[in-house]
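Peer 1: Sequence lines, in order, name chains A and Z.
For the first sequence, my numbering gives the first residue as 3, with consecutive numbering after it.
For the second sequence, my numbering gives the first residue as 10, with consecutive numbering after it.
Simulated from the structure, these hints should not be mistaken for lab results.
Predicted model, so just to flag it, every value in this text is computed and none were measured.
Just so you know, even glycine gets a beta-carbon here, dropped at the ideal spot from N, CA and C.
Hints may be right or wrong, so weigh each one.
Selected chain Z positions facing chain A (in silico; Cβ < 8 Å) [unchecked claim]:
{"hint": "1", "residue": "Ala335"}
{"hint": "2", "residue": "Gly541"}
{"hint": "3", "residue": "Arg543"}
{"hint": "4", "residue": "Leu555"}
{"hint": "5", "residue": "Asn569"}
Beyond 10 Å from chain A on every Cβ pair, some chain Z residues (computed) [claimed, not checked]:
{"hint": "6", "residue": "Lys11"}
{"hint": "7", "residue": "Asp92"}
{"hint": "8", "residue": "Pro202"}
{"hint": "9", "residue": "Arg251"}
{"hint": "10", "residue": "Gln467"}
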Amino acid sequence: MQIFNIVIAGVGGQGVLMASKVLAESALASNLDVKQNEVHGMAQRGGSVISFVRIGDKINSPVVMPGSADLLISFEPLEALRYIHYLKPGGRLVYNKVSINPSTVAAGLAVYPDDVEQQIAALCAEAKGLDALSIAREAGNGKAVNMVMVGTVMQHLPLKEEIITEVVKQISQNKGVEVNLKALAGGAAA
Amino acid sequence: MKKIISGNEAIALGFGDAGGVFASGYPGTPSTETLEEVARLGDVYCEWAANEKVALEAVIGGSIAGGRSLSTMKHVGVNVAADALLTLTYTGVNAGLILMVSDDPGMHSSQNEQDSRNYAKFAKVPMLDPANSQEAYDMVRAGFEISEQFDTPLMLRTTTRIAHAKGLVVPQEKVAPQIGEWVKDVPKYVMLPNFGKLKHVEVEARLLKLQEFAETTPLNRIEMGDTEVGIITSGVSYQHVREACPNASVLKLGLVHPLPEKKIREFAGSVKRLMIVEEMDAIFEEQIRAMGIEVEIGKNKLPLCGEINADLIRAALGDKVPEVAAPVTGLPQRPPVFCPSCAHRGLFTILSKLKCFVSGDIGCYTLGALPPMNAMHSVIDMGASISAAHGMAKVNAIAGRDEKPVAVIGDSTFFHSGITGLLSMAYNDGNALVIIMDNRTTGMTGGQENPGSGVTLQGVPTQQVEIAPLVKALGIDNVVELDAYDLKATEAAIKKGLETPGPYVLIDKNPCVLRYKVRKPAIHVDQDKCTGCRACLKVACMALGLTASGEKQKVRVDPNVCNGCGVCTQMCKFDAMHELGGDNHANL
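Chain A with its partners taken away, still in its complex shape (with noise of 0.2 Å):
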């Protein structure tokens, strides 16, 4: 198959690292090649996070390039813009718009852009938000924003549902099983 690059974008604290891991290992369940990496240095909540997973038949480095994303999945509206530049032409992006302030605009130092949707829409031909903070409050809790966002994607992946569902229980602590599952399955209807 040909290599598939995916960028996953968020904020610190938005659990964009359990979303990669979810895509790896259904990468590994699927018998694929893959490789996943982000950059997490420091604890705090609140920065921008970027992680890319890049699944094939043979895959060297673990970076994916500007331009070369097939698929972009951002957590938020603004990082969905501070990262569209990764997609390929052509490519897709899925963004949650739920937004969240940067410090910079918290601290009134920076003007969250009212227009993100409407750039991202003239950048991006094959972009889709959703309200994926409801969805995951519907499936019984916010913080699995990340699972609604995976399950929205899951249909562009190539990667089966059942694997990815298989995966989600598998890694899901006790009691987040329910939860997560009822989000994913609600990304998915999205």
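Starting from the structure of chain A, add chain Z where the hints point.
Peer 2: Below, chain Z without anything else, positioned relative to chain A:
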């Protein structure tokens, strides 16, 4: 069974499977997860040391006592451990000893971009440089074998894209630990000058033997392809090379010190153009040029700073680089900030207001240097907050300035390297205000245990050091508790500390809210009372924001983010901010 694991996890697993007995390290990105994973695997003893020097020395003892031992740290940690390393190379080992060091090209979370390969040259020890998780796993076993065969410590070096990148690993058969004898051998382990002189001769002879080994080991391999260009590379750079030039001939070095001169010469002679791809320093290139071998492309075309990638290699070769859209410009930055309800926020709100000169240190609180706080004015290395503040105070006194410097340091950094600085300050009649933010964890690296946590790396209850009596024992008379959530009290305490001559220590004991999962109900803003003065925004909390434009903008609190610490409410002069009550919904 095949697993997908990071380089750090692979090294931990490889250590357990290679008969590892004892591991000690100090947290530091991107090395931290290695020791955490050794602990999680549970069958090998491991511990967090107070600093990297202690960790390496403990591991030296482990090796002398006959157990295969591993020490883990980030690149700058080796500077701390270097005193031990540079003599350890003389004594050699009993059981195998590996020093794992993680470099951070691109400085994703480090204060400098030093290249640890320099240490392998400096210490004259062998160094391995894995290119993926599988190699990271395998090289632990190979490393122990080399260490024991050549009676030398060995450095296993990773970079961020190896340490944190996950790839597939098939583990080898597990070897049971074999603990050797604990032998007294004075000429080997006592580095008095007379013994050291003999040992130095051995070190030089050992390096020559290792050079011979480098020529034949499968750790260094030639992958012949198109002979137009031949590329010498190692580590993650190899992956970028393969991405950029799938058909080129490559000499992939796994053992990156000492270099296999004959093999390099043979490879260079078999290709038309020789290229060297290495991140950071020109270590291969300088040595290969010194062999008299012509290098066409190296640091003349590739950067000394930051990470290498496939496009940089294409460009250096003069190949076509794919044109890509530029990033969208003008977006608000999203730097990391103090977590909602972190105690550092209150402290830096006041330090910012008082406009003190703050001598800072390595930890979450380093973020106090960023806008809007702008309240940290020097950060050098672990522990320098205290010792540098002492020097500032001395020169200030000579210059006739009466401004007292403030040092800010966290508990783990204080245990690591702050104690000696404070001891020296007390001894030398110092004059700085030292604020110790004791949140009982090593926060920046993800909340690791330390001597103040009361539990070990495995979570077992243990001795818990109290900082106040320790500070008093160092010779500091003025030691006062601080509650950084109380802005008025914090301001008063800092002012008192600045007014009182001599060393003065304030200790905040509020726990890390992230590590200890402190949860409080969110704050609510009464929109009728809020005047939009923005005084509260000075606390730089991501839970705060302005209402939509159009009307007069007022402040709102995001209940998904707020953790109810109440620091912002103390900034409000209009009584508009209150605790909401009810459940906490923060996604911390």
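Peer 1: Confirm or reject each hint.
Peer 2: Checked hints:
{"no.": "1", "hint": "Ala335", "result": "holds, 6 Å"}
{"no.": "2", "hint": "Gly541", "result": "violated, 10 Å"}
{"no.": "3", "hint": "Arg543", "result": "holds, 5 Å"}
{"no.": "4", "hint": "Leu555", "result": "holds, 7 Å"}
{"no.": "5", "hint": "Asn569", "result": "holds, 6 Å"}
{"no.": "6", "hint": "Lys11", "result": "violated, 7 Å"}
{"no.": "7", "hint": "Asp92", "result": "holds, 27 Å"}
{"no.": "8", "hint": "Pro202", "result": "holds, 43 Å"}
{"no.": "9", "hint": "Arg251", "result": "violated, 4 Å"}
{"no.": "10", "hint": "Gln467", "result": "holds, 20 Å"}
Violated hints for the displayed structure, listed by number in ascending order: 2, 6 and 9.
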